[in-house]
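**Q** For chain A, the structure is supplied; the task is to place chain B on it using the hints.
Number of protein chains: 2
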Amino acid sequence: MTHDKGLVVVLSGFSGAGKGTIMKHLLEAHPGDYNLSISATTRGIRPGEENGREYFFKTREEFDSMIANNELLEYATFNGNSYGTPRAYVEELINNKKDVLLEIEINGALQVKEMFPDALLLFTTPPSALELKNRLVGRGTETEEVINQRLAISCKESQGMGKYDYLIINDNLDKAVDQVHNIIQSEHYRTSRNTISIAQVQEELKMFERSN
Amino acid sequence: MTHDKGLVVVLSGFSGAGKGTIMKHLLEAHPGDYNLSISATTRGIRPGEENGREYFFKTREEFDSMIANNELLEYATFNGNSYGTPRAYVEELINNKKDVLLEIEINGALQVKEMFPDALLLFTTPPSALELKNRLVGRGTETEEVINQRLAISCKESQGMGKYDYLIINDNLDKAVDQVHNIIQSEHYRTSRNTISIAQVQEELKMFERSN
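As they're listed, the protein sequences go chains A and B.
Under the numbering used here, read the first sequence as residues 4 to 215, first letter to last.
Under the numbering used here, read the second sequence as residues 4 to 215, first letter to last.
Honestly, the hints are just simulated from the structure, not real lab data.
Among the hints, erroneous ones may be present.
All copies of an identical chain are treated as equivalent in the list; a pair is satisfied when it fits inside any one copy or across any two copies.
[As the list claims (entries may be wrong)] Result set (PhoX-like, lysine-lysine): computed pairs, CA atoms no more than 20 Å apart in a straight line:
hint : residue 1 : residue 2
1    : 100       : 136
2    : 159       : 209
3    : 166       : 209
4    : 116       : 100
5    : 136       : 209
6    : 8         : 159
7    : 178       : 61
8    : 8         : 27
9    : 116       : 8
10   : 159       : 136
11   : 101       : 27
12   : 116       : 166
13   : 8         : 101
14   : 8         : 100
15   : 209       : 27
16   : 101       : 116
17   : 178       : 27
Note that the structure is a prediction, hence the values are computed from the model and not measured.
With the rest of the complex left out, here is chain A (with noise of 0.2 Å):
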């Protein structure tokens, strides 16, 4: 028996919470079961980036005719440049049945479940607010007026925390990666993922019994 597809997994959360180091410690501690989804930009390669590894460089035509032409699974633009998921990279790595990572905020991660309605969506946290705040002035990188501009936005955004799956709580690093791990392996043996070897099952046990 296995799972029909690989798992589109969306990780979001308020900044702070750590989803970046989560995905990385992630992708180290189960070599070879996760993917992480490359992105397409408009922004400049940088030294020592390559094209199709840290991103798909696009010039801004190329980008707008990715984005005519349906290719992208969502997009959003920051500072002038544009970031999008590829379509047919996600597309490939799923009939393939591997789970394939992503990194987005919860625009496009709305994008994503929209055009993937069985998109895993996981929201990461501190254990709550209060521990938030504190991380971010914990920091002491960020003037006060930075950390009140980050907290505003993190107000908003847990405006959308009901619209995720799961909440991924960031207490400790790798209990929270154990956490994702454990969440994804989970959801592989979810009925709905697996309606091809029900069948399977069903018509098996239908043939014994005409055999009978």
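**A** Same frame as chain A, but now just chain B:
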């Protein structure tokens, strides 16, 4: 952060799929984590049994009055004896954030799901229908007629597999026990089971904003 309530977990599955064994090993492997639901029954108490340990022993009148008063989550009759799951016992446990395990057949499972839409329904199956047949034959204790009857029942039961939430593939006992444990623990983090914690984080973040 903690989930709102304990989980009602129903384990069903094909005869010969080992659900009883999984249940027993799960309880032993994680002492204190799970509680087995104790059924009410009209069958007579046997030597060595204790009221409230193996079963809650009831007269027919008492049992019928429990049905009439909606005090049973589900019930069924086998060989003239009735068996049912007392609602109060299950509700008390989940309100104290304790997970309750029920080992019942599909009709009972669907009755429970109607009463508790948040109940988690798990269906235990060997890796294939052929393996199921081989296990029944391999026991060497059943006549061909009994084996065929059991396979016919399995064939009928298999039609309901899609109504369950997860499949438990019992290929290896330890793995199946881990799988059940991981599914239950992962489900604790489902956003729909953490509405109180989410509302609290949202409220705290709003308070930070107001204080700026």
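**Q** Could you run down the list of hints and mark each one as holding or not?
**A** Outcome of the hint check:
In this homomeric assembly, residue 100 and residue 136 never come within 20 Å of each other (Cα to Cα): the closest approach is 39 Å inside a single copy and 28 Å across copies. In this assembly of identical chains, the alpha carbons of residue 159 and residue 209 lie at most 20 Å apart only when taken from different copies (9 Å versus 53 Å within one copy). Taking the closest pair of Cα atoms, residue 166 and residue 209 come within 20 Å of each other only across two copies (19 Å); inside a single copy the shortest separation is 40 Å, beyond that limit. Taking the shortest Cα distances, residue 116 and residue 100 sit within 20 Å of each other inside one copy (18 Å), while across copies they are farther apart (31 Å).
Proximity of residue 136 and residue 209 under a CA criterion of 20 Å is satisfied inter-copy only: 12 Å between copies versus 59 Å inside one chain copy. Taking the shortest Cα distances, residue 8 and residue 159 never come within 20 Å of each other, neither inside one copy (33 Å) nor across copies (27 Å). With identical chains, the CA atoms of residue 178 and residue 61 are never at most 20 Å apart, being 38 Å at best within one copy and 46 Å at best between copies. With identical chains, the CA atoms of residue 8 and residue 27 are never at most 20 Å apart, being 23 Å at best within one copy and 32 Å at best between copies.
For a Cα distance limit of 20 Å, the shortest separation of residue 116 from residue 8 inside one copy, 16 Å, qualifies, whereas the shortest one across copies, 27 Å, does not. For the homomeric pair residue 159 and residue 136, the shortest alpha-carbon distance inside one copy (15 Å) is at most 20 Å, but the shortest distance between copies (55 Å) is not. Taking the closest pair of Cα atoms, residue 101 and residue 27 come within 20 Å of each other only inside a single copy of the chain (17 Å); across copies the shortest separation is 34 Å, beyond that limit. Taking the shortest Cα distances, residue 116 and residue 166 sit within 20 Å of each other inside one copy (10 Å), while across copies they are farther apart (23 Å).
Within a single copy, residue 8 and residue 101 get their C-alpha atoms as close as 7 Å, which meets the 20 Å cut-off; across copies the closest is 34 Å, which misses it. In this assembly of identical chains, the alpha carbons of residue 8 and residue 100 lie at most 20 Å apart only when taken from the same copy (5 Å versus 34 Å across copies). In the homo-oligomer, the alpha carbons of residue 209 and residue 27 never lie at most 20 Å apart, since the shortest distance is 46 Å inside one protomer and 31 Å across protomers. Taking the shortest Cα distances, residue 101 and residue 116 sit within 20 Å of each other inside one copy (18 Å), while across copies they are farther apart (32 Å).
Only within a single protomer do residue 178 and residue 27 lie at most 20 Å apart by alpha-carbon distance; the minimum there is 14 Å, versus 27 Å between protomers.
Of the numbered hints given earlier, the model fails hints 1, 6, 7, 8, 15; all others are met.
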